[in-house]
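Colleague: Single-letter residue listing:
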Amino acid sequence: MCTTCGCGDPELVPVELHERILAGNDRIASHNRQHFREAGVLALNLMGSPGSGKTAVLEATAHLLGGLRLGAVSADLATDNDARRLEKAGITSRAITTGQACHLDADLVHRALHDFPWRDLDVFFIENVGNLVCPAIYDLGQEKNVVVLSVTEGEDKPQKYPVIFRKADLVLLTKCDLLPHLEVDLAKLEDALARVMPEPRFMRLSARSGEGMEGFRDWVLSLRSALGRAADAPARSLAADHTHAHADGDHPTHAHAHEEGEAARSPRRR
Amino acid sequence: MHEYSLVQALVSRVEAAAREKNATRVHRLRVSVGELSGVEPDLFRSAYEVFRAGTLCEGADLEIVKVAARFACPGCGEELGRGEVLRCARCDRPARLAPGSDELLLESVELEVP
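From first to last, the protein sequence lines stand for chains A and B. Sequential numbering from 0 applies to the first sequence in numbering that gives the first Met the number 0. Sequential numbering from 0 applies to the second sequence in numbering that gives the first Met the number 0.
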């Protein structure tokens, strides 16, 4: 009630919040990230247009990373075709069928982990929905973002979709085996990247011919070994059978039991 | 079209703030949208118009503050022009994005408390 004059009118109270609207997603993403790091699992988020070659890059990577335990969740609006392709290539995979949703969010990834043996992996790929817009704004808990851009998509793609390219830690320029048949100027494409990414990092490759794939393999391996050292350090605080302080009130999706689900699956490196 | 899921998150956050203060209505809310936030202000507004029906935000005006993207050199502070290579030619350092340029923030709400 208005206390100034006691007139009984309702009071208007301004409340300053200055909060990220995606704060809820960010909390779950940090939670995912903490799990991945402490289990020594390298999580990579692959984004790109439909048909840019995300699945093909993973298939080709699997051939080069034979010694590592690889897993993936593959997001698709309606099919599990990509997950089946990845399984065939030796990557333990699960489809996340998003229905009408145009992107993955941290909660979808979190829920997918519940019945997935992710702790037994060295590298966990999150193949996002084919889309250059929506996936960019959702943190999933990944260690790095990889944007897959095929050379058939045009030199100005980075400037048309600056948000997603700015979030990329690495851009893979795929289908380079097609270059002789195209009128694409790679120098222009790379210049476009430098205008949307302060520290542009890209690799030219072809999943089909294998050209340039070693570079990506080495990038993955160096990240994996850096993460492995951190995870093996004695200061690990989060065992598989931990409980979390999830209680932030407005996030009921965290009401699940890690204890039953994941600890039962013999976590490694205790 | 991720604007609907963003508006959903916005409305639940506002409702939580209203409950906290025992508010009966929300009069207005102010949101800032960075140019590189990945959010289209017009789409955000139309998603809000549809979604607010039946929520505490039903009668609440949405004010959207657009924040332009700005990149500057972390060394000399020189601001880079639109479309330029994001590296300071003088200091040879990668540019840094100014705060707010890529954010989507719920700035404030105005609540009616009985």
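Don't read these hints as lab results, they were simulated from the structure. You may find that some hints are simply not true.
What the hints assert, rightly or not - Below 30 Å or equal to it, Euclidean Cα-Cα: the simulated DSSO-like pairs (lysine-lysine) are:
1. K87(A) <-> K143(A)
2. K166(A) <-> K187(A)
3. K159(A) <-> K187(A)
4. K143(A) <-> K20(B)
5. K20(B) <-> K159(A)
6. K143(A) <-> K159(A)
7. K20(B) <-> K65(B)
8. K143(A) <-> K166(A)
9. K166(A) <-> K20(B)
Claimed, not checked - Computed far set for chain B versus chain A, every beta-carbon distance over 12 Å:
10. A17
11. D41
12. E48
13. V49
14. E57
Using N, Cα and C, we set each Cβ at its ideal position, and we do this for glycine too.
Colleague: Taking the hints in turn, state whether each one holds.
Modeller: Taking the hints in turn, this is what the structure says about them:
1. Of the supplied pair hints, the one linking K87(A) and K143(A) holds, its CA atoms being roughly 25 Å apart against a limit of 30 Å.
2. In summary, the hint linking K166(A) to K187(A) is supported, as the alpha carbons are separated by about 20 Å, within the 30 Å threshold.
3. About 14 Å separates the Cα atoms of K159(A) and K187(A), which keeps this hinted pair within 30 Å; it holds.
4. For the hint linking K143(A) to K20(B), the alpha-carbon distance of about 40 Å lies beyond 30 Å, and the restraint is violated.
5. For the given pair, K20(B) sits about 43 Å from K159(A) by alpha-carbon distance, which is inconsistent with the 30 Å threshold.
6. Only pairs whose Cα atoms come within 30 Å are accepted, and K143(A) paired with K159(A) is accepted, the gap being roughly 22 Å.
7. Annotation: proposed proximity of K20(B) to K65(B) holds, straight-line Cα distance about 28 Å (limit 30 Å).
8. Straight-line distance between C-alpha atoms of K143(A) and K166(A) comes to about 9 Å, which keeps the hinted pair within the 30 Å bound.
9. This hinted pair does not check out: K166(A) and K20(B) have alpha carbons roughly 37 Å apart, beyond 30 Å.
10. For A17(B), the requirement that its beta carbon stay farther than 12 Å from each beta carbon of chain A is not met, with the minimum near 9 Å.
11. In this structure D41(B) is separated from chain A by more than 12 Å, as the shortest Cβ-Cβ distance comes to about 14 Å.
12. Separation of E48(B) from chain A is adequate, the least Cβ-Cβ distance of about 17 Å exceeding the 12 Å criterion.
13. In this structure V49(B) is separated from chain A by more than 12 Å, as the shortest Cβ-Cβ distance comes to about 15 Å.
14. A cut-off of 12 Å between C-beta atoms confirms that E57(B) is not in contact with chain A; the least separation is 16 Å.
Consistency with the previously given hints fails for numbers 4, 5, 9 and 10, ordered from lowest to highest.
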